[in-house]
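Engineer: Spelled out from the first residue to the last, the chains are:
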Amino acid sequence: MYGLVNKAIEDLVTIKFGADKWDAIKRKAGIEVDSFISNDAYPDCITYGLVEAATEVLQLPASTILYAFGEFWVLHTAKKGYGDMLSAAGRDMPEFLDYLPQFHTRVALLFPHLKPPRFECSDRRSNQITMHYFSERKGLSVFVEGLLNGVAKLYETPALVEQTRFKEKGDDHDEFLVRWGDALP
Amino acid sequence: MLSANHLDSMFPFHFTVDGEMRIVSAGSALRRICPNVTDGAEFSRCFTFLRFGMLPTETFDGQYILKQRSTLFIFAATCSALVLRMQVLVLENPTRYCFIGSPWVRTPAEMRALNIVLNDFALHDATVDLLQLVQSTDRAIEDARRLTSKFEVQRNDLEQLIDTANAPIVGVDAAGCVLVWNQSMARITGIEKHDALKTHFASKHVSEACAQSVESMIASAVRGELTPVLEFELNTKCGDRRLVICSVSPRHDAAGGVVGAILVGQDITELGEYRSTLEQRVEQRTAQLSQANAELSRAMRSKDDFLSAMSHELRTPLTAVIGLSELLVEGVYGPLGTGQTKPIATIAESGQHLLSLINDLLDVAKIGAGKVELNWGDAEVREVCDASLRLVAQMAQKKHQVLSTRLDAAAPSIRVDERRLKQILVNLLSNAVKFTPDSGSITLETHADMDAGTLTFAVHDTGIGIADEDITRLFTPFTQLDSRLARQYAGTGLGLTLVMLLTEQHGGHVSVTSQVGKGSTFSAVLPWHPTAPRASSPASDEARADVKGATPPALSDTGPVIINADDSESCRMTIGDFLRGHGYRVVDAHNGAEAIAAVFEHHPVLVLMDLQMPQMDGLSAIRLLRSNAVSADLPLIALTSRRLADDRAQCLAAGADEFMSKPVNLPQLLATIGRLTGANSA
Ligand code: HEM
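Going line by line, the protein sequences match chains A and B. Just add 7 to the spot in the first sequence (first one is 1) and you have the working numbering. Just add 241 to the spot in the second sequence (first one is 1) and you have the working numbering.
Hints may be right or wrong, so weigh each one.
To be verified - 27 Å max Cα-Cα, derived BS3-like pairs, lysine-lysine:
1. A:14 <-> B:640
2. A:33 <-> A:14
3. A:160 <-> A:87
4. A:35 <-> A:14
5. B:391 <-> B:478
6. A:87 <-> A:174
7. B:663 <-> A:33
8. A:176 <-> A:14
9. A:87 <-> A:14
10. B:445 <-> B:478
11. A:145 <-> A:160
12. B:391 <-> A:87
13. B:445 <-> B:391
14. B:640 <-> A:35
15. B:391 <-> A:86
16. A:176 <-> A:145
17. B:391 <-> A:28
18. B:478 <-> A:23
19. A:122 <-> A:174
20. A:23 <-> A:174
21. B:640 <-> B:607
Calculated from the structure, these hints are not laboratory results.
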């Protein structure tokens with residue numbers, strides 16, 4: 008994955024847990040890279056290694072870390088690092104979610120080695136949407152859950168994100184139902 | 242032609258004006274953002290035309306548009322901050338000017354402010370992607386800034402480290418000019434950094450003698466080669482030199498290319514000074530040692546001198562004592578009164594004993610000091626044994642002891658120093674005689690061992706025997722001899738030590754077996770290989786055999802003349818009286834010069850020449866005599882109390898026919914004189 012992803016993990020850990028923890032995680036993962044370059048592509052194993060080391064150093068389950076990382080990505084990294092690109096993608100959450108399928112297509116123009124996820128929307132109603140997530144990578148569905156919750160927080164829209172299909176349980180892909188407003192139970 | 246819907250989806254920010262400059266249509270996104278853009282609205286109320294670099298007098302109308310149709314039109318909305326970048330499309334019948342394009346936004350924030358979202362743009366519009374690109378570039382720039390500041394900190398740390406390091410550090414570029422010059426360098430050389438920078442390091446700061454090697458070290462580091470540690474002298478501001486030891490390594494740029502060299506070193510001037518002090522000290526010590534060595538060898542020499550001097554001093558009076566008492570006994574000075582013969586004989590005997598002790602002492606000391614060199618030759622065993630026996634025969638006879646030999650026929654000869662072997666045997670035999678009671682028997686036996694390659698000379702006696710525990714101590718050097726032993730076997734200590742030393746010097750060993758009250762066997766085991774027997778036999782032994790039982794002759798003032806040159810009165814007297822007693826006319830001389838004068842005056846048949854004499858010593862006299870035709874062939878016997886190996890060789894080289902050491906064995910002297918003069922002595 009591109010350096011900005013690894014850098015985001017670094018930022019998350021340093022801001023929430025301190026620089027010592029980050030050093031410990033990096034040591035644990037056996038990573039010699041001093042500082043990740045945002046626009047350089049790194050092997051996926053580095054990102055996975057960092058998450059795995061973080062579970063040990065921070066004594067947290069991987070799901071907690073990935074979820075937090077999803078939220079953090081939207082609320083912190085993407086927002087901060089890409090100006091208000093996320094906000095510019097929609098005036099409100101539904102508009103943003105509509106735009107999401109396009110998002111990584113354009114990102115891929117910037118990053119030639121990107122192996123971007125694919126999002127598709129279906130069952131678009133006024134207060135809910137079904138989001139389909141396709142990826143070459145494994146085990147990131149909790150990350151997506153965190154991302155979508157982050158988006159809701161970004162637009163200050165109380166929403167419920169619910170995974171309805173699981174690739175790891177044999178489904179074709181992961182599927183999320185996002186509900187807000189009246190659709191909230 | 243595009244339908245209004247198609248146009249809107251492709252160009253959501255477009256608008257069209259007619260010839261009157263009134264809005265006839267507009268894209269949905271534009272309408273939403275600028276509500277005043279409605280059909281029929283005057284263009285000039287909705288937009289301002291931004292005429293960059295255009296003349297202000299010109300008016301924005303159809304004519305102008307047609308004229309400028311190939312340029313980019315920039316419009317600012319009147320109701321918002323929106324700026325549109327547009328291209329005009331001119332349509333005919335009716336005349337329409339259709340402006341197609343999109344808002345000019347540089348950041349997502351501007352977009353937000355304009356209330357535009359990404360979706361407002363047509364899909365083909367690159368504005369969105371450019372915006373993303375700008376973001377990612379910003380991101381990269383931010384990365385760079387972050388890294389730069391991080392590296393700046395590191396660089397500052399490093400620079401401080403280098404600058405304050407307690408080691409001289411110099412960085413040079415590929416041309417060898419100074420780029421880095423730390424405080425330690427400034428301290429050592431007294432040259433400040435700003436003065437050193439950009440100067441050529443090797444030629445400016447390194448001593449002339451070392452500049453070349455430093456230069457080539459830097460050059461090979463720049464070539465990326467491994468360089469060894471280098472020691473060189475740095476020039477200082479005040480003209481001093483400081484010795485440093487440096488490692489030189491290449492300086493790399495980010496791409497890994499070599500751009501110069503870094504020298505990191507240590508000031509070892511003090512170390513160098515310490516080293517040279519050490520060297521000096523070593524030199525001093527060496528000098529002291531060699532001086533000590535010289536002193537030692539001087540001491541050794543003076544010890545030798547002392548030994549020879551002592552032996553001279555001791556022997557000279559002893560010669561007189563022995564010689565005179567022998568002459569008394571022989572009746573040379575007239576018949577002795579009853580009761581006088583025995584005590585005088587005892588005096589002679591004691592003298593002889595004392596003499597042999599001195600000889601032994603001297604020998605032991607010399608062998609101990611490694612001063613004795615063996616004079617190897619083939620000796621006939623029988624002859625040596627007989628001669629040795631003869632020397633103790635008289636003593637044995639007095640005690641009515643029986644002397645016998647049992648010689649191994651397999652070993653007729655042996656390669657030894659004959660004189661020394663005789664010394665060994667005589668010592669063993671005389672000990673045996675001493676410690677064997679009257680009427681006892683003493684046997685000298687030889688036994689060849691072909692396999693071991695040894696010849697054993699064993700002396701058996703029927704003497705008092707020696708206790709086992711004493712045997713082991715018997716051969717230890719005299720200094721360690723038990724006093725009780727020494728007393729009990731008075732006189733043997735040195736003799737046995739000498740026997741042992743001499744035997745060992747021959748490469749052999751000594752052994753002893755004994756039974757108290759029954760007798761002992763002392764053996765000298767010598768290396769041996771069968772050799773051919775010798776033809777001739779030493780004259781001296783024969784002579785001595787001849788002398789045995791000779792009747793004492795009367796004093797003579799006639800007969801063949803012998804010059805007796807000796808500064809010692811007692812020596813002159815002893816020898817002179819003895820020779821006169823044997824029919825020679827003896828003329829005394831006190832030094833070499835007198836001796837020469839006497840030769841020309843008295844025409845002697847032979848000259849006896851003592852070596853150590855005042856005014857002219859014996860050697861010089863001998864040489865002078867030999868250089869003169871008259872005395873060139875005159876028989877000449879050199880005499881000395883010193884017993885240095887050199888003396889003999891020197892004397893013979895100077896021209897003496899024989900060499901005898903004092904105290905002179907008088908019968909032997911007589912025999913030698915006889916031989917040299919070709920006359921029958923006595
Ligand atoms: C400015 C905003 C964003 C940027 C620049 C961005 C960029 C990236 C990049 C560079 C990767 C790594 C992929 C690779 O290196 O191969 C990635 C992965 C991912 N992104 Fe985004 N992203 C953005 C926003 C979002 C949002 C809003 C979501 C979802 C709500 C999202 C979902 C994901 C997911 C799930 C992955 C994981 C990769 C995978 O599943 O294969 N991203 N993104």
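Engineer: Determine for every hint whether it applies to the structure shown.
Structural biologist: Structure-based check of each hint:
1. A:14 <-> B:640: violated (122 Å)
2. A:33 <-> A:14: holds (12 Å)
3. A:160 <-> A:87: Distance ~15 Å between residue 160 of chain A and residue 87 of chain A Cα, so the pair holds.
4. A:35 <-> A:14: It holds: about 17 Å lies between the C-alpha atoms, which stays within 27 Å.
5. B:391 <-> B:478: violated (38 Å)
6. A:87 <-> A:174: violated (31 Å)
7. B:663 <-> A:33: violated (97 Å)
8. A:176 <-> A:14: Measuring from Cα to Cα gives roughly 31 Å; hence the hint is violated.
9. A:87 <-> A:14: holds (13 Å)
10. B:445 <-> B:478: Judged against 27 Å, a Cα distance of about 11 Å means the pair holds.
11. A:145 <-> A:160: holds (25 Å)
12. B:391 <-> A:87: Distance ~20 Å between residue 391 of chain B and residue 87 of chain A Cα, so the pair holds.
13. B:445 <-> B:391: Violated, because 36 Å separates the two Cα atoms, which is more than 27 Å.
14. B:640 <-> A:35: violated (108 Å)
15. B:391 <-> A:86: holds (24 Å)
16. A:176 <-> A:145: holds (12 Å)
17. B:391 <-> A:28: Holds, at roughly 19 Å.
18. B:478 <-> A:23: Roughly 57 Å between the alpha carbons, so the hint for residue 478 of chain B and residue 23 of chain A is violated.
19. A:122 <-> A:174: holds (18 Å)
20. A:23 <-> A:174: Given that 27 Å is the threshold and the Cα spacing comes to 31 Å, the pair is violated.
21. B:640 <-> B:607: violated (33 Å)
When each numbered hint is compared with the structure, violations occur for hints 1, 5, 6, 7, 8, 13, 14, 18, 20, 21.
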